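Visitor: The listed protein sequences derive, respectively, from chains A and B. So for the first sequence, the UniProt record's numbering puts the first residue at 1; every next one is plus one. So for the second sequence, the UniProt record's numbering puts the first residue at 1; every next one is plus one.
Among the hints, erroneous ones may be present.
[Unchecked claim] What follows is a set of in silico ranges between Cβ atoms, one per label pair, in the way DEER data are often shown: (1) B:Lys-79 <-> A:Lys-198: 27 to 37 Å; (2) A:Pro-192 <-> B:Lys-527: 40 to 50 Å; (3) A:Ala-149 <-> B:Arg-484: 33 to 43 Å; (4) B:Glu-269 <-> A:Ala-69: 50 to 60 Å; (5) A:Lys-196 <-> B:Arg-484: 27 to 37 Å; (6) A:Ala-69 <-> B:Asp-525: 52 to 62 Å; (7) A:Val-31 <-> B:Gly-159: 48 to 58 Å; (8) A:Lys-196 <-> B:Asp-69: 47 to 57 Å; (9) B:Pro-219 <-> A:Asn-30: 12 to 22 Å; (10) B:Asp-457 <-> A:Glu-111: 51 to 61 Å.
[What the hints assert, rightly or not] Rough simulated footprint, nothing fancy, chain A against chain B, three-plus residues with beta-carbon under 8 Å: (11) 40-53; (12) 462-474.
If you're looking for bench data, these hints aren't it; they were derived computationally from the structure. Computed from a prediction, not measured in an experiment: that's the story for all the values here. By construction, the Cβ of each residue, glycine as well, lies at the ideal position given by its N, Cα and C atoms.
In case you want the letters, here they are:
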Amino acid sequence: MRVLVGVKRVVDYAVKVRVAADKKAVDLANVKMSMNPFCEIAVEEAVRLKEAKKATEIIAVSIGPKAAAETIRTALAMGCDRGIHLTTDARTDQELGPNSVAKLLAKVVEEESPDAIILGKQSIDGDFGCTGAMLAEHLKIPQCTFAAAIDFDAKTVERETDTGTEVVSFPSLPAVFTADLRLNEPRYATLPNIMKAKKKKIDTKAADSLGVELNEGNTVLEVFEPPPREAGIFVDDVDGLVDKLKNEAGVL
Amino acid sequence: MPYDVLIVGAGPAGLAAAIRLKQLAIENEKDISICVLEKGAEVGSHILSGNVFEPRALDELFPDWRSMDDRPPVDTSVKEDKFLALTETGSVEIPNFLLPSQLHNDGNYIISLNQLVRWMGTKAEELEIEVFAGFAASEVLYDEEGAVKGIATRDVGIGKDGDPKATFERGMELRARQTLFAEGARGSCSEEVMEKFNLRDGVQPQTYGIGVKEVWEIPEENCNPGFVQHTLGWPLQHGPLDQTFGGSFLYHMAPNTILIGFVIGLDYENPYINPYREFQRWKHHPEISKHLEGGECVSYGARVLNEGGFHAIPKLTFPGGALIGCSAGFLNSVKIKGSHTAIKSGMVAAEALYPKLVEKEEFICCESYEISEDEKPQEVVEYQTAMEESWVYDELKEVRNCHAAFHWGFLPGLAYSGLAAHILKGKEPWTLENPTPDSAKTKPADQYSEIVYPKPDGVFSFDLLTNLARSGTAHNDDQPAHLRIKDSLKSVVDSNESLKTYAGPEQRFCPAGVYEYHEDSASGDKKLVINAQNCVHCKCCSIKMPHEYIKWTVPEGAGGPNYAMM
Numbered sequence: 001m002r003v004l005v006g007v008k009r010v011v012d013y014a015v016k017v018r019v020a021a022d023k024k025a026v027d028l029a030n031v032k033m034s035m036n037p038f039c040e041i042a043v044e045e046a047v048r049l050k051e052a053k054k055a056t057e058i059i060a061v062s063i064g065p066k067a068a069a070e071t072i073r074t075a076l077a078m079g080c081d082r083g084i085h086l087t088t089d090a091r092t093d094q095e096l097g098p099n100s101v102a103k104l105l106a107k108v109v110e111e112e113s114p115d116a117i118i119l120g121k122q123s124i125d126g127d128f129g130c131t132g133a134m135l136a137e138h139l140k141i142p143q144c145t146f147a148a149a150i151d152f153d154a155k156t157v158e159r160e161t162d163t164g165t166e167v168v169s170f171p172s173l174p175a176v177f178t179a180d181l182r183l184n185e186p187r188y189a190t191l192p193n194i195m196k197a198k199k200k201k202i203d204t205k206a207a208d209s210l211g212v213e214l215n216e217g218n219t220v221l222e223v224f225e226p227p228p229r230e231a232g233i234f235v236d237d238v239d240g241l242v243d244k245l246k247n248e249a250g251v252l
Numbered sequence: 001m002p003y004d005v006l007i008v009g010a011g012p013a014g015l016a017a018a019i020r021l022k023q024l025a026i027e028n029e030k031d032i033s034i035c036v037l038e039k040g041a042e043v044g045s046h047i048l049s050g051n052v053f054e055p056r057a058l059d060e061l062f063p064d065w066r067s068m069d070d071r072p073p074v075d076t077s078v079k080e081d082k083f084l085a086l087t088e089t090g091s092v093e094i095p096n097f098l099l100p101s102q103l104h105n106d107g108n109y110i111i112s113l114n115q116l117v118r119w120m121g122t123k124a125e126e127l128e129i130e131v132f133a134g135f136a137a138s139e140v141l142y143d144e145e146g147a148v149k150g151i152a153t154r155d156v157g158i159g160k161d162g163d164p165k166a167t168f169e170r171g172m173e174l175r176a177r178q179t180l181f182a183e184g185a186r187g188s189c190s191e192e193v194m195e196k197f198n199l200r201d202g203v204q205p206q207t208y209g210i211g212v213k214e215v216w217e218i219p220e221e222n223c224n225p226g227f228v229q230h231t232l233g234w235p236l237q238h239g240p241l242d243q244t245f246g247g248s249f250l251y252h253m254a255p256n257t258i259l260i261g262f263v264i265g266l267d268y269e270n271p272y273i274n275p276y277r278e279f280q281r282w283k284h285h286p287e288i289s290k291h292l293e294g295g296e297c298v299s300y301g302a303r304v305l306n307e308g309g310f311h312a313i314p315k316l317t318f319p320g321g322a323l324i325g326c327s328a329g330f331l332n333s334v335k336i337k338g339s340h341t342a343i344k345s346g347m348v349a350a351e352a353l354y355p356k357l358v359e360k361e362e363f364i365c366c367e368s369y370e371i372s373e374d375e376k377p378q379e380v381v382e383y384q385t386a387m388e389e390s391w392v393y394d395e396l397k398e399v400r401n402c403h404a405a406f407h408w409g410f411l412p413g414l415a416y417s418g419l420a421a422h423i424l425k426g427k428e429p430w431t432l433e434n435p436t437p438d439s440a441k442t443k444p445a446d447q448y449s450e451i452v453y454p455k456p457d458g459v460f461s462f463d464l465l466t467n468l469a470r471s472g473t474a475h476n477d478d479q480p481a482h483l484r485i486k487d488s489l490k491s492v493v494d495s496n497e498s499l500k501t502y503a504g505p506e507q508r509f510c511p512a513g514v515y516e517y518h519e520d521s522a523s524g525d526k527k528l529v530i531n532a533q534n535c536v537h538c539k540c541c542s543i544k545m546p547h548e549y550i551k552w553t554v555p556e557g558a559g560g561p562n563y564a565m566m
């Protein structure tokens, strides 16, 4: 089985983001970027398949600016075999949306013919959570999203829902899987592996050379911070609480 | 994996050494393999400095830096130099001509050292120097004769309870023919090496200051690029004979940035001093807050800096390696500058090491991919000699007694500095002794009363934890605390001596809120709590803790602050 894994370069989860002065986007100047945490989980799942000898080759693909190559290198250091880098200068946190990404990934899938495609369930910048599902639709193949456990032998996936987990089965491969938090705990990229990863191959091409219409059809009107949290108040009793909820907050 | 040279720390000194070595390799057509290890997540993540930069060493490393296409971020020339003595509501300007020439900044630049180091990192990568960020050197490796043969990176994936987790990975041993320690002030491996090889014999103990800094973005029309201001007096010094050493800096950098901070000498005696809160309340002075109007604080951080100067420089070399940059301690505390001397020391080390490394071709790792058993680890004493003859030592000798003079009070100290800079120039026949380490200077709390600091207003001043979020500090939670209580001093902690005698100064001097005393619900006693994940790697605790009961060890790589515009 050959596996394709998507990895995205996003703002590091620990960064305190700020809105840019023009209020059209988040200010990314001099901000630390890292691999999307759910993509790390996807990579880890693929690497475990290789270690269990269920997969023979793992390809890491990323769409992003020149620096996204570092993200692919991290995936290679975790255990992927080679990388594909589709370069673009469009902002991957808002300009390049899930549908465009899905169409680009579909092109990569058509060329590489993997048996399984594993993506993170969502990215922590756009937070759409749509790319995996859209990709499956474009390719007309099964999708198992929010995976907490994947069993390739039994062809079942335990997936997260709002009320717990459910087990679904998929009829065949190829299929798209998106990784949720509990799927696994990603490994550290060790120094020896980072050194080895330098020798692994990354194919680079321009994203707009694949013949895909990259117009998302959406425009970001404004990006703003949530209003600052106001102080709470103490009420003396339940009547006081009901009074406030009814007459001040207007929610009753 | 063996290297010809291993450099611990990708700061100005470490990267300058790496770059200079490669420049020499290219010039002489004899390549050597160089590896630079950095514990921060990226090159620059842990770099914090004022910074008014003297370009002297950069001119030597990259003589054409001003005309490069991708020139370094050294753009804002210093245009105005102001020195104020503050009172609670007013200020007195000390005219420039009264100040020692060392404090004049013509020809210097206001920079973000962080951004300069990141630029140096890209230059190093272009030269095919292997730079690995996110890896912490936790152990120095020695051969049978006790010479340094390299370092080992830290094991990762150990849980809070000390047991290996599923993600456990053993650290890697990196061997090198020469190891340079460039960890900055109070480097963890450097301190160990200084002790092992008795490098501090016959020199004064190193003394330090804690620097706390913020970066503000202000409306562009209010920015006066090139403006440099330093203040003394309020709130730290209450009179001209006050012995507490410290003061502030405020710089305007193009296009719309204010670099602002406060440095307090850690030889302070009053255990109630809270450096972070002194900094916060100082910002409310009208001379200061006027610069911050309409602005937003975007970054916060802290780091110690060396103040011991010339007489605290240890022996620099040992078999198998050397100390460069602030790990050795070349900061000029009168100029308040150490970046230029750090870069120069890296270059001088490179120039001393290179000929020794390529002397015998069969030993070069770059070609053989191994370290020959026949080569004994060298001690490149030529580095020490070259440093002693360099302009670094010249300038440090001139001000060698100045910091100790501040023990007479800040006005006498200033007067002495002026005298030393204009007339004595370090040639005075006496040496002002400074034998006491900072931790021993703290006096018992019963001699002082608690300092009541004003509450932060959220506009100009902030509470510590809000500010800490601006440092981007993150550590993997599930790992043992890297701040270890020394075995021999466990009784000091168990008996709460720090709290009882000194009112627990660690609750105040740590700029990240790591140390707290909580009431134990069972016994009602106060117990020390160490919130190691807040740590910004400033090293203040390893210096100022009563009896120095904390050993600062390195946490999992890539943890700590993530500074960008610092």
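Visitor: Give a verdict on every hint.
Guide: Status of each hint after checking the structure:
1. B:Lys-79 <-> A:Lys-198: 27 to 37 Å: Given a distance of about 45 Å, which is not inside 27 to 37 Å, the answer is violated.
2. A:Pro-192 <-> B:Lys-527: 40 to 50 Å: This hint holds: roughly 41 Å between Cβ atoms.
3. A:Ala-149 <-> B:Arg-484: 33 to 43 Å: holds (39 Å)
4. B:Glu-269 <-> A:Ala-69: 50 to 60 Å: Distance hint for Glu-269 of chain B, Ala-69 of chain A holds at roughly 54 Å.
5. A:Lys-196 <-> B:Arg-484: 27 to 37 Å: holds (33 Å)
6. A:Ala-69 <-> B:Asp-525: 52 to 62 Å: holds (55 Å)
7. A:Val-31 <-> B:Gly-159: 48 to 58 Å: violated (30 Å)
8. A:Lys-196 <-> B:Asp-69: 47 to 57 Å: Violated, since Lys-196 of chain A and Asp-69 of chain B (Cβ atoms, about 33 Å apart) do not stay within the stated range.
9. B:Pro-219 <-> A:Asn-30: 12 to 22 Å: Distance hint for Pro-219 of chain B, Asn-30 of chain A holds at roughly 19 Å.
10. B:Asp-457 <-> A:Glu-111: 51 to 61 Å: holds (59 Å)
11. 40-53: holds (count 3)
12. 462-474: holds (count 5)
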